[in-house]
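Trainee: Two chains, each in its own frame: build the complex with the hints.
If you read the protein sequences in the order shown, they are chains A and B. Using numbering that gives the first Met the number 0, the final residue of the first sequence is 329, and nothing's skipped along the way. Using numbering that gives the first Met the number 0, the final residue of the second sequence is 281, and nothing's skipped along the way.
Calculated from the structure, these hints are not laboratory results. Incorrect hints may appear among the rest.
If you only want the chain A side, here are some residues facing chain B, beta carbon under 8 Å, derived [what the hints assert, rightly or not]:
(1) W52
(2) A73
(3) L98
(4) V128
(5) L147
(6) W163
(7) V265
(8) Y294
(9) S318
Glycine included, every Cβ here is placed at the ideal spot set by N, Cα and C.
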Amino acid sequence: MRRTRESTPSSPDDRAGINRQFRPVGKGSNSLPFPEMDCLLNFGIRIKDRHMWALFVGPGVLLLILVLGFPAVASLSYSIKPEQAGTVSYTLSNYVNLLKDPFFKKTFWNTVVFVFLSVASHMFLGLTVALVLNSALPAKPLFRIIALLPWVVPDVVAGIIWKWMYDPIYGSLNDFLLRIGLFDSPVEWLSNPKLALFSVVLVNLWRGFPFVMLILLAGLQAIPQYLYEAAEIDGASKWQLFYHITIPGLRKMIVVALALDTVWEVRRFGLIQAMTQGGPGILTEVLSTYTYKQYFQFFRFEYASAISVVMTIVLLFVSLPYILMISQEE
Amino acid sequence: MEFTSLLPRGVFSKAIVWVFLIVVCLYCLFPFAWMFSTSLKTESEAFKIPPTWIPIDLTVDSYIGIWVRKNFGTYFFNSTVISLSTALLSTFFGALAGYGFSRFFFNGRRFLIGFFLATQMLPGVLLVGPYFRILSKVGLYDTRTGLVIAFLTICLPFSTWMMKGFIDKVPDELDQAAMVDGCSRMGIFFKIILPIVAPGMVATILFGFLLAWGDLLWALCLTSSEPMITVTLGIARTVGEFRIIWPMLMAGSLVGGMPAIILYIFLQRLLVQGLTAGAVKE
Numbered sequence: 000m001r002r003t004r005e006s007t008p009s010s011p012d013d014r015a016g017i018n019r020q021f022r023p024v025g026k027g028s029n030s031l032p033f034p035e036m037d038c039l040l041n042f043g044i045r046i047k048d049r050h051m052w053a054l055f056v057g058p059g060v061l062l063l064i065l066v067l068g069f070p071a072v073a074s075l076s077y078s079i080k081p082e083q084a085g086t087v088s089y090t091l092s093n094y095v096n097l098l099k100d101p102f103f104k105k106t107f108w109n110t111v112v113f114v115f116l117s118v119a120s121h122m123f124l125g126l127t128v129a130l131v132l133n134s135a136l137p138a139k140p141l142f143r144i145i146a147l148l149p150w151v152v153p154d155v156v157a158g159i160i161w162k163w164m165y166d167p168i169y170g171s172l173n174d175f176l177l178r179i180g181l182f183d184s185p186v187e188w189l190s191n192p193k194l195a196l197f198s199v200v201l202v203n204l205w206r207g208f209p210f211v212m213l214i215l216l217a218g219l220q221a222i223p224q225y226l227y228e229a230a231e232i233d234g235a236s237k238w239q240l241f242y243h244i245t246i247p248g249l250r251k252m253i254v255v256a257l258a259l260d261t262v263w264e265v266r267r268f269g270l271i272q273a274m275t276q277g278g279p280g281i282l283t284e285v286l287s288t289y290t291y292k293q294y295f296q297f298f299r300f301e302y303a304s305a306i307s308v309v310m311t312i313v314l315l316f317v318s319l320p321y322i323l324m325i326s327q328e329e
Numbered sequence: 000m001e002f003t004s005l006l007p008r009g010v011f012s013k014a015i016v017w018v019f020l021i022v023v024c025l026y027c028l029f030p031f032a033w034m035f036s037t038s039l040k041t042e043s044e045a046f047k048i049p050p051t052w053i054p055i056d057l058t059v060d061s062y063i064g065i066w067v068r069k070n071f072g073t074y075f076f077n078s079t080v081i082s083l084s085t086a087l088l089s090t091f092f093g094a095l096a097g098y099g100f101s102r103f104f105f106n107g108r109r110f111l112i113g114f115f116l117a118t119q120m121l122p123g124v125l126l127v128g129p130y131f132r133i134l135s136k137v138g139l140y141d142t143r144t145g146l147v148i149a150f151l152t153i154c155l156p157f158s159t160w161m162m163k164g165f166i167d168k169v170p171d172e173l174d175q176a177a178m179v180d181g182c183s184r185m186g187i188f189f190k191i192i193l194p195i196v197a198p199g200m201v202a203t204i205l206f207g208f209l210l211a212w213g214d215l216l217w218a219l220c221l222t223s224s225e226p227m228i229t230v231t232l233g234i235a236r237t238v239g240e241f242r243i244i245w246p247m248l249m250a251g252s253l254v255g256g257m258p259a260i261i262l263y264i265f266l267q268r269l270l271v272q273g274l275t276a277g278a279v280k281e
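The following block holds chain B by itself, in its conformation from the complex (with noise of 0.2 Å):
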């Protein structure tokens, strides 16, 4: 149903649809711009009064300092690798046990579901006591390794519901066809489903990347030392210091925000589909 119909008919209906999606988009864009305005300033100019909304001397002199002044290539670094295996661990234990909920009706299967889904719902703040004192013990404090691990407790739970999601949308008269002909339930599983779920894997990885990418409560509590540390701590450190440089910072935080903006235009419908198809289900 159309949600404008229930407006009174007429151009005035249609202009307060359009005046309200205008605002909503400027609340959604405006700040990008500004970070974006910012960031090519000089100096100087962001501490401007009142501030220019267009840079009157355009630099790109912060998009330098980031990398050559900031050791962004260290944390950007960090952040890739981290986030990337936590992504792709996750989503393949996920695909596995997915599979197992969405295919076995075996004893105690609520039950683990219930499980999986309540683990979803605790607070990071719980964990990272215990693991920053087992992390220090077994020598996995300030490493990406340690990281990690840690960043699987976020991950796993929702890969696991999600690749669920898009497993339970193949029909399982696949699998039987397959055993028919003689395929073991391992082949099953990595021959006919993982190929025609790909699609969904992605977006698993995708949504993995993004949550690990984005933490900053775990890294500032399992890291230290400048080699490790990721592009969300670097930036938050950035806010710590005793001076400020603003074009600097938003130049940090455009180019950290901008993997995450990047992978999500190009993958939006993917991620939609598997939000819906694993958090929620239609």
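Just chain A, with the same shape it has in the complex (with noise of 0.2 Å):
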């Protein structure tokens, strides 16, 4: 046995069973009773149990390898390749393109405007509904449904209903504010320079808040009623309870929510390709589909290599604390 079960039972720095609460269940457990056992294959192949993890996990890696790995490095490789193809083999240019590139710098603030905003609201709205809805409420599972709907629905089909609402003249956005008074004329939402960006993002807040609830929502489950009940008995106000137990209590799941909707966020395509296409002009234009256009519109496959390689390296540094926090627990 290479590793023993850890003791389950609280220990003693175990302080009012956090430490127990967010321990991952799998870890320092071990199911090799017999790790010198031969397993009987097909073929008469035999293979000790120690090492069957490669029958379970190889099929896995291997497959991600073939359709991912190899793809991945494919695209770097073009990024590295010269447009024209001339005298040299290997070139930096399309790098050096890049920063001189206007249109790409400003495809890039974009993104960190709406990659910001977008995660920043999540967060707030998310956790918010959660906390209202992990109170004793009627009707729980209803507004849970319904808070969730928007996430469910493919992008496409978000980006249409909202670029048919936002519609100046027969949307309803428009007829709405119009009717209440908040507005004399109607606000033109995604043609608009000024706006066009925020407008996105509100679709975008709509779309993406319900993940973050969810995962915050579950997070506020978990944590110990005793805790709340014990800081009670010794006076704790309502808002002490609130900052020391409720919130560093969510901290991982704030982690996991904050990295993945980031990297969704700059994933993000669908959205801003079937609202906007980009426009009006390059205003809500973002690495992805600014890449897309470079590949499939200019045929640039060299140089849209080099942004999406660049895109890559921002999403691998952006979600590395999450990977290192989840790996290191394993």
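Mentor: Written out as structure tokens, the structure reads:
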């Protein structure tokens, strides 16, 4: 036996159950009672039980390398090829061009603004709704279903519904705002250069906050009730409970939600493609739509690959804390 | 703890909570209501100023139109076949790998887990270019098979992670007991673990299905001909047309989003469990 089962009952430093609560279930357990036992496979092949992992993990890993690793490396190698086949076979000129390209710069900043606003608003609304839904309310399951609907529909569908709602003349949003007297004249949601990106973010808020809410709600429900009871007996106020129990208890879920949401928002494609296709001009162009255009409208494969490589580096960098946190726990 | 207890006690704070919830619900539901209402309008009514909120002459022409005048039947068939195959394949391989990660502590396990997690983070646009070239070369461009292979890249890491979460919850004493009784590893996996995590598998299949169903990028890059395109691409193409017939587009969007919505409403508890077991651990 290479690892032994950890003592599951609360250890002395297992303060108030927090540690136990967030300890992964699989960790420390070892299900290899007979690590040296031979497993008989077809064709008379024998394999020791402690080596059996290769049979389980192997197919998935090989498949992933084949369908994902290989193309990713291919993309990397496109990105260092010159756009015109010439004397050099490898060059960094694509990356140099990238830095000179004002469209790329604008697109990059659009992405930063889009992702930052989206994630911040998701966290804010998601946390608020999760907190409200975590209290004893009648019809809570119904609220939860309703709140999750925007997250379930395909990106394209979400984009199209809102494009139609945003329509300055025939759309319902302007009609509503005019009727309640908030504006005197129709707002050009998607064609006003100052508004376009924010209008897209508003749709993305609608679409993305349910996931954050879901994760945080699960986190809230995992905080043991007795922590609150104990603290209340010790005379903690409601706000103290919130700051000293709820927020620390949620910390891990917040990291997870932040990381996954950020990655998803950077990759968001269908929503913008369906709504604005990056327009007006390039005001709502983000990295994913820009790369797509470089690939399939301008056919600049090498250049597009360079953009996507930059994007990948950014994404891996952003998600590194999450990846490290999860794999450390394992 | 009840968040509402943070607010001052009394009728007033209760009212705030309810008003907030109702506003959030409206925000969530109103676009769907507008889509539904538009889909029941005639084309001329959709372009009325000011817009009518409830259709005056109700018609289901749009719902017939998408099947008759557009090839929605084909799109639907393609999407279903592609999403289902992707979901089943990735759940099967994901379950295998999930079991391996859950039960065996081998050298390099942490690295491989990191690898699976990192692959979840790659942007699709990194892969579409090479995919376009490779699939064209091997004659899989503009085929359903090509798309299934491509979707595996999105679904497999997630499936593995979700299935590992579910299998972690099955006590390994079961495995040990079975081994003492002479069951082989493969036997344990297929006869004991899979039946126990069946609900988890359903959730994983559902999640993979939703991922594949909702995608636009890959479908846009890897298919082109009318008989091969998916629902999402079909809808997206309609937007690009010279004259957009909004009621029909809304009907199409509603029908295209329906499978996701229905599956979700029936299986939402499972999906929530799956996401919190795999993507997030308690």
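Trainee: Each hint: holds or not?
Mentor: Against the structure, the hints come out as follows:
1. This hint holds: W52/A has a C-beta 3 Å from the nearest C-beta of chain B, less than the 8 Å allowed.
2. Annotation: interface hint on A73/A holds; nearest CB of chain B at approximately 4 Å, less than 8 Å.
3. Proximity of L98/A to chain B is violated relative to the hint, the smallest CB-CB distance being about 19 Å (cut-off 8 Å).
4. With a least beta-carbon distance of about 6 Å to chain B, the hint placing V128/A at the interface is held under the 8 Å criterion.
5. Taking 8 Å as the C-beta contact cut-off toward chain B, the hint placing L147/A at the interface holds, the least distance being around 7 Å.
6. With its C-beta approaching chain B no nearer than about 6 Å, W163/A sits inside the 8 Å limit, and its interface hint holds.
7. Look at V265/A: its Cβ gets to within about 7 Å of chain B, closer than 8 Å, so that hint holds up.
8. Given the 8 Å rule on beta carbons, the hint for Y294/A holds: about 5 Å separates it from the nearest Cβ of chain B.
9. Annotation: S318/A was flagged as interfacial toward chain B, and the flag holds, the nearest CB pair being 4 Å apart, inside 8 Å.
Hint check: a violation occurs at hint 3 only; the rest are consistent with the structure.
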